[in-house]
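Undergrad: Sequence:
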Amino acid sequence: MAVSSSHMRFTFECRSDPDFSPPPSNFDNLRRRSFLTGSRVPFHGVSSLILRFPPNFQRQLSTKARRNCSNIGVAQIVAASWSNNASDPHSTGAPPPPAASAADAATVPLPVDLAADEDVVVSADVASSAADNGAVQLKHTSYSSFLKSDASKTIHAAERLGRGIVTDGITTPVVNTSAYFFKKTADLIDFKENRQSSFEYGRYGNPTTVVLEEKISALEGAESTVIMASGMCASIVLFMALVPAGGHLVTTTDCYRKTRIFIETVLPKMGITTTVIDPADVGALESALEKHNVSLFFTESPTNPFLRCVDIKLVSELCRKKGTLLCIDGTFATPLNQKALALGADLTLHSLTKYMGGHHDVLGGCISGSTKVISQIRILHHILGGVLNPNAAYLFVRGMKTLHLRVQQQNSTGMRMAKLLEAHPKVKRVYYPGLPSHPEHELAKRQMTGFGGVVSFEIDGDLHTTIKFVDSLKIPYIAASFGGCESIVDQPAILSYWDLPQSERAKYKIHDNLVRFSFGVEDFEDLKADVLQALEAI
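Residues in the sequence shown are numbered from 1 upward in steps of one, following the UniProt record's numbering.
It is possible that part of the hints are untrue.
Unchecked claim - Here are the computed lysine-lysine pairs in the DSS-like style, where the Cα-Cα straight-line distance is at most 30 Å:
| id | residue 1 | residue 2 |
| --- | --- | --- |
| 1 | Lys372 | Lys313 |
| 2 | Lys339 | Lys445 |
| 3 | Lys339 | Lys258 |
| 4 | Lys528 | Lys428 |
| 5 | Lys313 | Lys339 |
| 6 | Lys339 | Lys509 |
| 7 | Lys507 | Lys269 |
| 8 | Lys428 | Lys468 |
| 9 | Lys528 | Lys426 |
| 10 | Lys419 | Lys474 |
| 11 | Lys509 | Lys313 |
Hints are computed from structural coordinates only; laboratory data are not their basis.
With these hints in hand, go ahead and build the complete structure from the sequences.
TA: Structure follows, in structure tokens:
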């Protein structure tokens, strides 16, 4: 079977047992890029210098080829390029050592290429262990030294400076594995006693997921981030990890309904009580903090679906005085429009499914904050097991590279559409933090740099009039979620609260004429024309 690329072409012979005999003595010269002319160079085995295939090598093979080549997987796991160590005896013509066994070859330490701005740090007490297993610690130049803006961080943070995955590929590889091996038992003991860093089991971490965690931490200005399978998973683990049995929680009236359901129906089974306040009612928060031993104040800002805003700086000061943790769900804002941690919050949570992923194709959630608190959450997360698949982590890493471009467009479209809707005679009311009519407009201007692409508004009509408006739209999809490239529209009374009678929906101010419109990255003029023609249809 021949595998070729634009740079070099090798012939691989697939056999039942991998052959790890030495490569040609002149192979080190053949691999140099100056010599990559596309000529065919046959060889039949490798020694302790293990060939490492590109991260996408296996995906490029046909299904039949993957089935027939049993030794491909070993080489793919072990490495990604031939070692380029000039001091190696093979490159100087010295006699090669005896051929290694397949098992030994599979545990050969991976070569690490160090960029000019990286320092190798091997602590004295682990120097001998590092010599045995090739483990090194990389001390990277701070991202802040050359990534000045969030726009650059969304692209390069956690990737431009020495990922934990050794590859010369620009994109972060997907590491599909459920477990990680140790070369010898001593390495496992060193890992268990914190003398060596490693992964152990897929539920406890994955190299691809770590890249995503570090990228989000860079955007949030957080010490640590934990990734989970969904935004709701993140919220549930947060509550269970930080609010003890018999404890007390404070939250706000306007929030995602599934979060409210969990707070109202599940937490009481653990003896946890809750105070629910208006997002702007600071007095009610002070009263709850005085009356109860509050473990956590959890609130969205902006909220769903009315986009209410909480004074993060003020409430963080109140909570800190009482030893209460503050978590801000910033999903509607994104880390680009609002820095909750910088404003004083202890934690910030996101449904990554929305703006961060941005393509309506993947579910995920995250919590960012101090290492101390995130570690406490991570322990329970590892027990409950709501982990993100590494393929999903890759999609988020990819999606975040355009986050700043998408959010910039959505901020602009959201603001312009909110103004247009507020001025239209068939629209009764618009909810958008960027409008002076919004109750927290001045606050939003202080703590946000943009107001997002979601606009909620009430049609001047009843349920059926609103249905006619929604059905007359041609561009947006009628669907749940928001924040993606495609525009999405829904009626909360139907999508989220249809199981409740109208009188019950009214308690949450979810009226039949309420519309939540998530503007995507389509051209503004096209969206404007579509909204106007739909309004004319009612």
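Undergrad: State for each hint whether it applies.
TA: How the hints compare with the structure:
no.: 1; hint: Lys372 x Lys313; in the structure: holds (21 Å)
no.: 2; hint: Lys339 x Lys445; in the structure: holds (13 Å)
no.: 3; hint: Lys339 x Lys258; in the structure: holds (25 Å)
no.: 4; hint: Lys528 x Lys428; in the structure: holds (18 Å)
no.: 5; hint: Lys313 x Lys339; in the structure: holds (11 Å)
no.: 6; hint: Lys339 x Lys509; in the structure: holds (29 Å)
no.: 7; hint: Lys507 x Lys269; in the structure: holds (24 Å)
no.: 8; hint: Lys428 x Lys468; in the structure: holds (16 Å)
no.: 9; hint: Lys528 x Lys426; in the structure: holds (15 Å)
no.: 10; hint: Lys419 x Lys474; in the structure: holds (21 Å)
no.: 11; hint: Lys509 x Lys313; in the structure: holds (27 Å)
Checked against the numbered hints above, the structure violates none of them.
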